[in-house]
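Protein chains: 2
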Amino acid sequence: MDAAHLRRRVQGVLDAFLEEQRAVLAAVSVDTLPLLDAVQDLLVGGKRLRPAFCFWGWRGAGGPDPVAADVAVRVAASLELFQAAALLHDDVMDRSDTRRGRPAMHRAFAARHRERGWLGDPEQFGDGAAVLAGDLCLSWNDELLSRALREHLADGGHGLPGAPARVEATRREFDRMRTELMAGQYLDVLAQSGGSSGDDPVAVAREVIRFKSAKYTIEHPLLVGAALAGASPALRAAYSAYGLALGEAFQLRDDVLGVFGDPEATGKPAGDDLREGKRTVLVALASRAADARGRSLLEEHLGRRDLDEDGVQRVRDVLRGSGALEETERMIASQVAAARRALDGAQVAEPARTVLLDLVGTATERTA
Amino acid sequence: MDAAHLRRRVQGVLDAFLEEQRAVLAAVSVDTLPLLDAVQDLLVGGKRLRPAFCFWGWRGAGGPDPVAADVAVRVAASLELFQAAALLHDDVMDRSDTRRGRPAMHRAFAARHRERGWLGDPEQFGDGAAVLAGDLCLSWNDELLSRALREHLADGGHGLPGAPARVEATRREFDRMRTELMAGQYLDVLAQSGGSSGDDPVAVAREVIRFKSAKYTIEHPLLVGAALAGASPALRAAYSAYGLALGEAFQLRDDVLGVFGDPEATGKPAGDDLREGKRTVLVALASRAADARGRSLLEEHLGRRDLDEDGVQRVRDVLRGSGALEETERMIASQVAAARRALDGAQVAEPARTVLLDLVGTATERTA
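These protein sequence lines map, in sequence, to chains A and B.
Just so it is clear: in the first sequence, position 165 is 165 by my numbering, and no numbers are missing.
Just so it is clear: in the second sequence, position 78 is 78 by my numbering, and no numbers are missing.
Quick caveat, the hints were computed from the structure, so don't treat them as lab data.
Being a predicted model, the structure only gives us computed values, none of them experimental.
From the three backbone atoms N, C-alpha and C, an ideal C-beta is built for every residue, glycine too.
Treat each hint with caution, since some may be false.
[What the hints assert, rightly or not] Here are the computed distance ranges between Cβ atoms for each label pair: (1) A/306 <-> B/305: 25 to 33 Å; (2) B/349 <-> A/203: 37 to 45 Å; (3) B/65 <-> A/100: 51 to 59 Å; (4) B/103 <-> A/41: 34 to 42 Å; (5) B/115 <-> A/316: 49 to 57 Å; (6) B/305 <-> A/358: 33 to 41 Å; (7) B/12 <-> A/203: 44 to 52 Å; (8) A/316 <-> B/33: 20 to 28 Å; (9) A/303 <-> B/367: 44 to 52 Å; (10) B/23 <-> A/200: 21 to 29 Å; (11) A/41 <-> B/293: 45 to 53 Å; (12) A/40 <-> B/103: 53 to 61 Å.
Could you build the full structure based on these sequences and the hints that come with them?
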C-alpha cells in the first residue's frame with residue numbers, strides 16, 4: 001500500500017464512520033447535522049501525517065499490509081478525528097479566522113447565526129458550536145479506536161501473537177498522546193502569555209514544540225502503530241529518536257513558513273503567526289540575537305492584529321538580520337540528519353524504512 | 001454498599017486516577033499542574049448522580065456488590081470525569097461566572113492571568129485553559145473506563161457470564177451517551193438562539209432536556225451499569241422509561257430552583273438562569289400562557305445581564321401569574337409517578353429497587 005492508497009483507505013474509514021454518526025445525530029434531531037457537516041468538511045483537507053506515521057510505524061514493526069480496512073488503517077484513521085478536535089478547539093482558543101484557507105468553524109457558525117438574525121451573540125454561538133464539534137470528534141476518535149481494537153481482539157489479532165498485550169500497549173500510547181498533547185497546548189497558551197516558569201524563551205519555545213508537535217505529530221503516532229504490531233523496545237526507541245528529531249524539524253519549518261511562506265501555498269495570510277503573537281523558536285532566537293532596535297521592533301509588532309504587509313516585512317528583516325532565520329534553518333538541518341541517523345541503526349522492515357526516510361524530506365522541505 | 005459508601009469509593013477511584021495523571025503532567029512540565037488542580041477542585045463537589053445511577057443500574061441487573069474498587073465502581077467514577085468536561089466546556093460556552101458558588105474555571109484562570117500581569121487577553125487565556133482542562137477530562141474519562149473494562153475482561157468478568165458481550169454493550173451505551181449529550185448541548189445552544197427548526201417553544205425546550213438532562217443524567221448511566229451486568233431487554237426498557245421520566249422531572253425541578261431557589265442552598269445567585277436568557281420549559285410555558293403584557297415583560301427581561309432583584313421578582317410574578325409554575329409542578333408530579341410506575345413492573349434486584357425509588361424523591365424534592 002502506497003501513500004495515496006493509504007490516504008484513500010483512511011478517508012474511506014472516516015466516511016463510513018461519520019455516516020454512522022450521522023444516523024445517531026439525525027435520530028436526536030436534524031438540527032444537529034450541521035455539526036457533522038462541519039467535521040466532514042474539515043476532514044477532507046489535511047496532509048494525513050499522523051495516520052501515515054501510525055501506519056508506517058505498524059508496517060516497520062512487522063505488521064502485515066492490510067488487505068481491507070483492517071485494524072492498522074482504522075487506528076490510523078482514528079487519529080485524524082483527534083486531530084480534527086485539536087484544530088477545532090485550537091481555533092477557538094486562538095480566535096483564528098481561517099483554517100486551510102477557509103473560515104474556521106467557529107467563524108462560519110457565527111456567520112450562520114448573523115445571517116439568520118438569531119438571538120444573542122453570534123461569536124458566542126460560533127464558539128459553542130465549535131467546542132461541541134471538537135468534543136464530538138474527541139469522543140468519536142476514541143469510539144473508532146476502541147472498536148477497532150476490540151474487533152482486532154475478537155478476530156484473534158491478525159495472526160500476530162500476543163493480541164491482548166499489544167492492544168493494552170496501543171491504548172497506553174494513545175492515552176499518553178492525548179494527555180501530552182493537551183498539556184503541550186497549555187504550555188503553548190502559557191508561553192504566549194509570558195507565563196512560563198522557564199527563563200530562556202528559546203528553551204520554552206522548544207519545549208512547546210516538543211510536546212505540541214514532535215511527540216504529537218510524529219513520535220506518538222509511530223509508537224501507536226508500533227505498539228499495535230508488538231514492536232521491540234529497541235525499535236520503539238529508534239522511532240522515538242526519529243520522531244522527536246523530525247517532529248522538531250517539521251514544526252520549525254512550519255514556523256518559517258508562517259512568516260516567509262507563500263499565502264497561496266499555505267492557505268494562510270502571510271504573517272498571521274506574527275499577528276497572533278506566536279512565540280515561536282524563530283521569534284525567540286531573534287529576540288535573543290537582535291540588537292536593541294530589532295528587539296523593540298519585534299515587541300511592538302508581535303501580536304498586533306492590524307499588522308500590515310509593511311509591518312510583516314519589517315519583522316522579516318529582523319528575523320533575517322539577526323541571524324535567527326539562518327539559525328533555524330541550521331536547527332532544521334541538524335534534526336533532519338538526526339532523524340535519518342535514528343533509522344540507520346534500527347531494524348525497520350521495508351518498505352516502511354524507505355517511506356519513513358522519504359517522509360523526512362516531505363515534512364521538512366515542503367512549502368506549505 | 002450504601003450511597004455514602006459509594007460516594008467515598010467513587011472519590012477514591014478518582015483521587016487515585018488523578019494522582020497518576022499528575023505524574024504524567026509533571027513529567028511534561030510542572031507548569032501544567034494548575035490544570036489538574038482545577039479539575040480536582042471541581043470534582044470535590046457534585047451530587048454524584050451519574051455514578052449513583054450507573055452503580056444501581058448494575059446492582060439492579062444482578063451485578064454483585066463490589067468488595068473493592070471493582071469494575072462497576074470504576075465505570076461509575078469515570079462518568080464523573082465526563083461530567084467535569086461537560087461542566088468546564090459548558091461554563092465557557094455560557095460565559096458563566098460561577099460554578100457551585102465558586103468562580104468558574106475559565107474565570108479563575110483569567111483572574112490568575114490578570115493578577116500576574118501576563119501578556120494578552122486574560123479572558124482568552126482563561127477560556128483556553130478551561131477548554132483544555134475539559135479536553136483532558138474527556139480523555140481521562142475514557143481512559144479510566146477503557147482500562148476498567150479491559151481489566152474486567154482479563155479478570156474473567158467477576159464470575160458473570162459473557163464478559164466480551166457485556167463489555168461491548170457497555171461501550172456502545174457509553175458512546176451513545178457521549179454523542180447524544182453533545183448533540184443535546186448543541187440543541188440547547190440553538191434553542192437559546194431561537195434557531196431551532198421546531199415551532200413550539202415548549203416542545204423545543206422539552207427536547208433539549210430530554211437529551212441534555214434526562215438521557216444524560218439518568219437513562220444513560222443506568223443503561224451503562226445495566227449493560228455491564230448483562231441486563232435483559234425488559235429491564236433495560238424499564239430503566240429507560242424510569243430514566244426519561246425521572247430525568248425530565250429532575251431538570252424541571254432544576255429550572256424551578258434556578259428562578260425560585262434559595263441562593264444559599266443552590267450556590268448560584270437567584271435569577272442567573274434568567275440573566276443567561278435560558279429558554280427553559282418553565283419560561284416557554286409562561287410565554288405561551290401569559291397575556292401580552294406578561295409576554296413582553298418576559299422578552300424584555302430575559303437575557304439581561306444587569307437584571308436586578310426587582311426585575312427577577314417581576315419575572316417570577318409572570319411565571320406564577322401565567323400558571324406556568326403550577327403547570328411545571330404538575331409535569332414534575334406526573335413524571336415522578338411515571339418513574340415509580342416504570343419500576344413497578346420490572347425485575348429490579350434489591351436493594352437497587354429501593355434505592356432507585358428513593359432517588360426519585362432525592363432528585364425531584366430537593367431544594368438545591
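Verification of the hints:
no.	hint	in the structure
1	A/306 <-> B/305: 25 to 33 Å	holds, 29 Å
2	B/349 <-> A/203: 37 to 45 Å	violated, 59 Å
3	B/65 <-> A/100: 51 to 59 Å	holds, 54 Å
4	B/103 <-> A/41: 34 to 42 Å	holds, 36 Å
5	B/115 <-> A/316: 49 to 57 Å	violated, 36 Å
6	B/305 <-> A/358: 33 to 41 Å	violated, 57 Å
7	B/12 <-> A/203: 44 to 52 Å	violated, 39 Å
8	A/316 <-> B/33: 20 to 28 Å	violated, 38 Å
9	A/303 <-> B/367: 44 to 52 Å	holds, 49 Å
10	B/23 <-> A/200: 21 to 29 Å	holds, 25 Å
11	A/41 <-> B/293: 45 to 53 Å	holds, 46 Å
12	A/40 <-> B/103: 53 to 61 Å	violated, 37 Å
Checked against the numbered hints given earlier, the structure breaks hints 2, 5, 6, 7, 8, 12 and satisfies all the rest.
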